[in-house]
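Peer 1: Single-letter residue listing:
Protein chains: 2
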Amino acid sequence: MIAEKMKSLVKGSSAIRAMFEEGKRMAALYGAQNVYDFSLGNPNVAAPKAVNEAICQILKEEDPVEVHGYMNNSGYEDVREAIAASLNRRFGTSFTGDAIVMTVGAAGGLNVMFKTLLNPGEEVLVFAPFFGEYRSYVDNYEGVLKVVPPQTETFQPNLKAFGEMITEKTKAVIINTPNNPTGVIYSEDTIKEMARILEEKESQFGSSIYLISDEPYRELAYDGAQVPYLTKYYHNTVVGYSYSKSLSLPGERIGYLVLPDELDDAEEVRGAANVATRILGFVNAPSLMQRAVARCLDEQVDLEFYDRNRKALCEGLKKCGFSFIWPQGAFYLFLKSPVEDEKEFCEKGKEYHILMVPGSSFACPGYVRLAYCVSYETIQGAMPGFEKLAQDYGLKSNGAGRTDEN
Amino acid sequence: MIAEKMKSLVKGSSAIRAMFEEGKRMAALYGAQNVYDFSLGNPNVAAPKAVNEAICQILKEEDPVEVHGYMNNSGYEDVREAIAASLNRRFGTSFTGDAIVMTVGAAGGLNVMFKTLLNPGEEVLVFAPFFGEYRSYVDNYEGVLKVVPPQTETFQPNLKAFGEMITEKTKAVIINTPNNPTGVIYSEDTIKEMARILEEKESQFGSSIYLISDEPYRELAYDGAQVPYLTKYYHNTVVGYSYSKSLSLPGERIGYLVLPDELDDAEEVRGAANVATRILGFVNAPSLMQRAVARCLDEQVDLEFYDRNRKALCEGLKKCGFSFIWPQGAFYLFLKSPVEDEKEFCEKGKEYHILMVPGSSFACPGYVRLAYCVSYETIQGAMPGFEKLAQDYGLKSNGAGRTDEN
Chain A
1 MIAEKMKSLV
11 KGSSAIRAMF
21 EEGKRMAALY
31 GAQNVYDFSL
41 GNPNVAAPKA
51 VNEAICQILK
61 EEDPVEVHGY
71 MNNSGYEDVR
81 EAIAASLNRR
91 FGTSFTGDAI
101 VMTVGAAGGL
111 NVMFKTLLNP
121 GEEVLVFAPF
131 FGEYRSYVDN
141 YEGVLKVVPP
151 QTETFQPNLK
161 AFGEMITEKT
171 KAVIINTPNN
181 PTGVIYSEDT
191 IKEMARILEE
201 KESQFGSSIY
211 LISDEPYREL
221 AYDGAQVPYL
231 TKYYHNTVVG
241 YSYSKSLSLP
251 GERIGYLVLP
261 DELDDAEEVR
271 GAANVATRIL
281 GFVNAPSLMQ
291 RAVARCLDEQ
301 VDLEFYDRNR
311 KALCEGLKKC
321 GFSFIWPQGA
331 FYLFLKSPVE
341 DEKEFCEKGK
351 EYHILMVPGS
361 SFACPGYVRL
371 AYCVSYETIQ
381 GAMPGFEKLA
391 QDYGLKSNGA
401 GRTDEN
Chain B
1001 MIAEKMKSLV
1011 KGSSAIRAMF
1021 EEGKRMAALY
1031 GAQNVYDFSL
1041 GNPNVAAPKA
1051 VNEAICQILK
1061 EEDPVEVHGY
1071 MNNSGYEDVR
1081 EAIAASLNRR
1091 FGTSFTGDAI
1101 VMTVGAAGGL
1111 NVMFKTLLNP
1121 GEEVLVFAPF
1131 FGEYRSYVDN
1141 YEGVLKVVPP
1151 QTETFQPNLK
1161 AFGEMITEKT
1171 KAVIINTPNN
1181 PTGVIYSEDT
1191 IKEMARILEE
1201 KESQFGSSIY
1211 LISDEPYREL
1221 AYDGAQVPYL
1231 TKYYHNTVVG
1241 YSYSKSLSLP
1251 GERIGYLVLP
1261 DELDDAEEVR
1271 GAANVATRIL
1281 GFVNAPSLMQ
1291 RAVARCLDEQ
1301 VDLEFYDRNR
1311 KALCEGLKKC
1321 GFSFIWPQGA
1331 FYLFLKSPVE
1341 DEKEFCEKGK
1351 EYHILMVPGS
1361 SFACPGYVRL
1371 AYCVSYETIQ
1381 GAMPGFEKLA
1391 QDYGLKSNGA
1401 GRTDEN
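In order, the protein sequences belong to chains A and B. Those letters in the first sequence? Residues 1 to 406, per this note's numbering, in order. Those letters in the second sequence? Residues 1001 to 1406, per this note's numbering, in order.
One chain only, chain A, in its complex shape (with noise of 0.2 Å):
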């Protein structure tokens, strides 16, 4: 007797279990430490010292029934102003207090802008591959998502068909960069361009369109490499962070949006997403996390740990013969399958006890993600299983494919 929508988001579901459930199973049948489990992006650094330490400080000098209690649904003013200051300092912004909303995780804060956005049929476009639960997100305020085809010779936005598909009833625009599941950051110029065309079409139909980053793996960037922060190239941008990565306290659920002065009626997206804050039950971001973060801003997750592991995948892969983009930030390597129907890759890895995740589940078949935020044995005991895979495909040893060179 559930909602019918329910009905096949349970089933969708379900494969996804099936899964988790699969490798379960295998790791009974075969010992954990046999089993390559690249399916799961769960952080598995421990986070910094420093926020266990605020935490307890918190409990011990700050007020317990302010610390435990309700606040402004879009989160206490200190912490607020706290995290614009810091944003100003890194990226050279100029955001108040009042721009930012505490929010249960990224995922929270989408949620609650969909939900301050969206009027029934509106459309909201976004980049494959994409993280699939957008779909969901969008479907709960009954938008409609627009997938823009992917570009796979450099996993950069293809906006050329972007162009083509904005309409007069699209309101928002979905990017992750650094991208799930690619590991690839969108590039200084992409952005850019990607703004004029959003310019341009905001003129053309007399609408606004808001650009929504999705920004999580934002401190998980490798080599040194900038993620362009996107609210100093277009007017409409609204950034949803989380310190579910950049801290791993992904179960904690808090993050925030930044929704800047510059958004076309932003006095009034502000209270609409306080509002939603409120009524869709998130009510507020947990307190005593918020006050947490508010402490940590300048601490970060060991990422040397997660660089280590990138690149003994991606040389390990290399080697083997396999295609992909290097990638420059997250903890997702995007692998190009030897076979055009990636699910018999897929199936063919689990003999070799490595899971992986098919590309369609990001509307991008032909290709598989490894999530590589696993131990460093992992990735060394894994690779046996690659050589044969590739073996098994015919693939050159050390050979370059046709998209890992950079």
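Just to be clear, a hint being listed does not mean it is correct.
Said to hold, decoys possible - Result set (DSS-like, lysine-lysine): computed pairs, CA atoms no more than 30 Å apart in a straight line:
#1 1007/B to 169/A
#2 7/A to 1005/B
#3 1160/B to 1146/B
#4 5/A to 146/A
#5 1049/B to 49/A
#6 1146/B to 146/A
#7 1005/B to 60/A
#8 1201/B to 5/A
#9 24/A to 1060/B
#10 396/A to 311/A
#11 1005/B to 146/A
#12 7/A to 1232/B
#13 1146/B to 5/A
#14 1060/B to 49/A
#15 1005/B to 201/A
#16 1060/B to 7/A
#17 1388/B to 1311/B
#18 1146/B to 7/A
#19 60/A to 1049/B
#20 1011/B to 169/A
#21 1348/B to 1336/B
#22 1169/B to 11/A
#23 1024/B to 5/A
#24 169/A to 1005/B
#25 60/A to 1024/B
#26 1005/B to 5/A
As the list claims (entries may be wrong) - Quick list of simulated restraints, FRET-style, between CB atoms:
#27 1312/B to 60/A: 29 to 35 Å
#28 60/A to 1066/B: 20 to 26 Å
#29 11/A to 1021/B: 46 to 52 Å
#30 1261/B to 192/A: 53 to 59 Å
#31 1028/B to 88/A: 27 to 33 Å
#32 1261/B to 200/A: 54 to 60 Å
What the hints assert, rightly or not - Covered stretches of chain B (chain A as the covering partner; in silico rule of three or more C-beta atoms under 8 Å from a C-beta of chain A):
#33 1009 to 1017
#34 1045 to 1054
#35 1065 to 1074
#36 1130 to 1138
#37 1261 to 1269
#38 1273 to 1281
#39 1320 to 1333
Treat the hints as calculated values from the structure; they're not laboratory data. For every residue, glycine included, the Cβ atom is placed at its ideal position computed from N, Cα and C.
Place chain B on chain A using the hints.
Peer 2: Frame of chain A; chain B shown alone:
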């Protein structure tokens, strides 16, 4: 450019904010100690010390990746089992951990349930007076809220009207006991008769009607009053619980749903609630707080504090000649306005620096809500003002009102 639906919600929200701002304005003008703000339902008693101790212990003892990490969207299995066992001990139920879904507070839990259950146009019944946010929670999923008129003699639910209002479109019923705004606990007789009606209507229409019991005030029951555990009376009962009041953790957003085996399609409902938790952007209830409440299942805030306020307020108001039902639970008192237009009464109260919420906000005009989760001094300080108010309306001092006898 916000969504049409949000516009009226933002307007409604401005009224609440205006009241809040009025309190701040008056405090600045007359001094905070001379303003008697009974408008806010914010717990003002600190969480038991054991909660903060548990948090720091967990951070010391448990695996940091797990403590702050993702888990099953329904919550940590050990936490869910501990909660089920605690409920079984207290209420003679026989829940397993599978029946528990950890939620972002009770508000999060209600949203998860309505997402899980409601098809557009399906009806949800609620008994006036009721917490106004229910209207939004139901509307979020295009449900239609139907308000059962109040029964002002006792503020027990009006079951005659209830029975007549159930149709083949009725998917759920919300009840809230101890009640916000009346402080009334629904009696076992009430519950039994309600269950009888629901079973009769389910059989008449061949439908499933879910009784959703919103229980954030369960532990705030005075004079040893018993709050019947609803799942024992009606098979299709879902309990929504929160630690906001019982442990004074409203800002932490931690609670749970109980989805018993006896529910129609129990497995499907649980699966859908799990998915709804994820796609609405909650993802999971805050992880550290899940683990903390599991260590504090036998803890409770200092009930004596609220009870002292309750007695002082009730005795003082009775002496003035006001009419009301003596509250048995929660921290609200629902006063009969001495004039039909209770908004006029609220305005008049401001002359004596007393802030109250009109009953219209709870679909019950002619009454006002006083939240006595304030300092004892606030209650003492307000009494001269209440005396003058009573005189202004010609109430007979110490007179027994129509509804003040229990």
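Peer 1: Please go over all the hints and tell whether each is borne out by the structure.
Peer 2: Evaluated hints:
With a C-alpha separation of about 19 Å, the suggested pairing of residue 1007/B with residue 169/A holds against the 30 Å cut-off. A distance of roughly 26 Å separates the Cα atoms of residue 7/A and residue 1005/B; the hinted pair therefore holds under the 30 Å criterion. Between residue 1160/B and residue 1146/B, the direct Cα distance comes to roughly 15 Å. Compliance with the 30 Å bound is thereby established for this hinted pair. The suggested pairing of residue 5/A with residue 146/A holds, with an alpha-carbon distance near 19 Å, which does not exceed 30 Å.
Proximity of residue 1049/B to residue 49/A is assessed by CA-CA distance (about 23 Å); at most 30 Å being required, the pair is judged to hold. Restraint check: the Cα-Cα separation between residue 1146/B and residue 146/A comes to about 36 Å, which exceeds 30 Å; the hinted pair is violated. With a CA separation close to 43 Å, the supplied pair residue 1005/B and residue 60/A exceeds the 30 Å bound. Of the pairs offered as hints, the one joining residue 1201/B and residue 5/A holds, with about 25 Å between alpha carbons and a cut-off of 30 Å not exceeded.
With a C-alpha separation of about 28 Å, the suggested pair residue 24/A and residue 1060/B falls inside the 30 Å cut-off, and the hint holds. Between residue 396/A and residue 311/A, the direct Cα distance comes to roughly 20 Å. Compliance with the 30 Å bound is thereby established for this hinted pair. A hinted pair counts as satisfied when its Cα atoms are at most 30 Å apart, and residue 1005/B with residue 146/A qualifies at roughly 23 Å. Note on residue 7/A and residue 1232/B: the hinted pairing holds, with a Cα-Cα distance of about 28 Å set against a maximum of 30 Å.
With a C-alpha separation of about 23 Å, the suggested pair residue 1146/B and residue 5/A falls inside the 30 Å cut-off, and the hint holds. For the suggested pair residue 1060/B and residue 49/A, the alpha carbons sit about 11 Å apart, so the restraint of at most 30 Å is met. Note on residue 1005/B and residue 201/A: the hinted pairing holds, with a Cα-Cα distance of about 25 Å set against a maximum of 30 Å. Between residue 1060/B and residue 7/A the alpha-carbon distance is near 42 Å, which puts this suggested pair outside the 30 Å criterion.
As the CA atoms of residue 1388/B and residue 1311/B are separated by approximately 20 Å, the hinted pair is consistent with the 30 Å bound. A C-alpha spacing of about 26 Å is found between residue 1146/B and residue 7/A, which places the hinted pair at or below 30 Å, so the restraint holds. With a C-alpha separation of about 11 Å, the suggested pairing of residue 60/A with residue 1049/B holds against the 30 Å cut-off. A hinted pair counts as satisfied when its Cα atoms are at most 30 Å apart, and residue 1011/B with residue 169/A qualifies at roughly 25 Å.
With a C-alpha separation of about 14 Å, the suggested pairing of residue 1348/B with residue 1336/B holds against the 30 Å cut-off. For a cut-off of 30 Å, the pair hint linking residue 1169/B to residue 11/A stands: about 25 Å separates their Cα positions. Note on residue 1024/B and residue 5/A: the hinted pairing is violated, with a Cα-Cα distance of about 45 Å set against a maximum of 30 Å. Distance restraint check for residue 169/A and residue 1005/B: the Cα-Cα separation of roughly 17 Å lies within the 30 Å cut-off, and the hinted pair is therefore satisfied.
Using a Cα cut-off of 30 Å, the hinted pair residue 60/A and residue 1024/B holds, with the two alpha carbons roughly 28 Å apart. Between residue 1005/B and residue 5/A, the direct Cα distance comes to roughly 21 Å. Compliance with the 30 Å bound is thereby established for this hinted pair. The hint said 29 to 35 Å for the Cβ distance between residue 1312/B and residue 60/A, and at roughly 33 Å that hint holds. For the pair residue 60/A and residue 1066/B, the beta carbons lie near 24 Å from each other, so the given range of 20 to 26 Å is met.
Separation of residue 11/A from residue 1021/B is about 48 Å and conforms to the stated range, judged on CB atoms against 46 to 52 Å. The hinted range of 53 to 59 Å is satisfied by residue 1261/B and residue 192/A, whose Cβ atoms lie roughly 58 Å apart. The hinted window of 27 to 33 Å between residue 1028/B and residue 88/A holds, with their beta carbons roughly 30 Å apart. A hinted range of 54 to 60 Å for the beta carbons of residue 1261/B and residue 200/A is consistent with their spacing of about 58 Å.
Counting residues of the segment 1009 to 1017 of chain B whose CB lies closer than 8 Å to any CB of chain A gives 4, which reaches the minimum of 3, so the coverage claim holds. With a cut-off of 8 Å between beta carbons, the segment 1045 to 1054 of chain B has 5 residues touching chain A; three or more are needed, and the interface restraint holds. Given a C-beta distance limit of less than 8 Å, the hint that chain A covers the segment 1065 to 1074 of chain B holds, as 6 residues qualify and 3 suffice. Coverage of the segment 1130 to 1138 of chain B by chain A holds [criterion: at least 3 residues with CB-CB distance below 8 Å; count 3].
Counting residues of the segment 1261 to 1269 of chain B whose beta carbon lies closer than 8 Å to any beta carbon of chain A gives 4, which meets the minimum of three for the stated coverage. Here the segment 1273 to 1281 of chain B counts 7 residues with a CB under 8 Å from a CB of chain A, which clears the bar of 3, and the coverage holds. Residues of the segment 1320 to 1333 of chain B with a Cβ under 8 Å from some Cβ of chain A number 0, which does not satisfy the need for three, so the listed coverage is violated.
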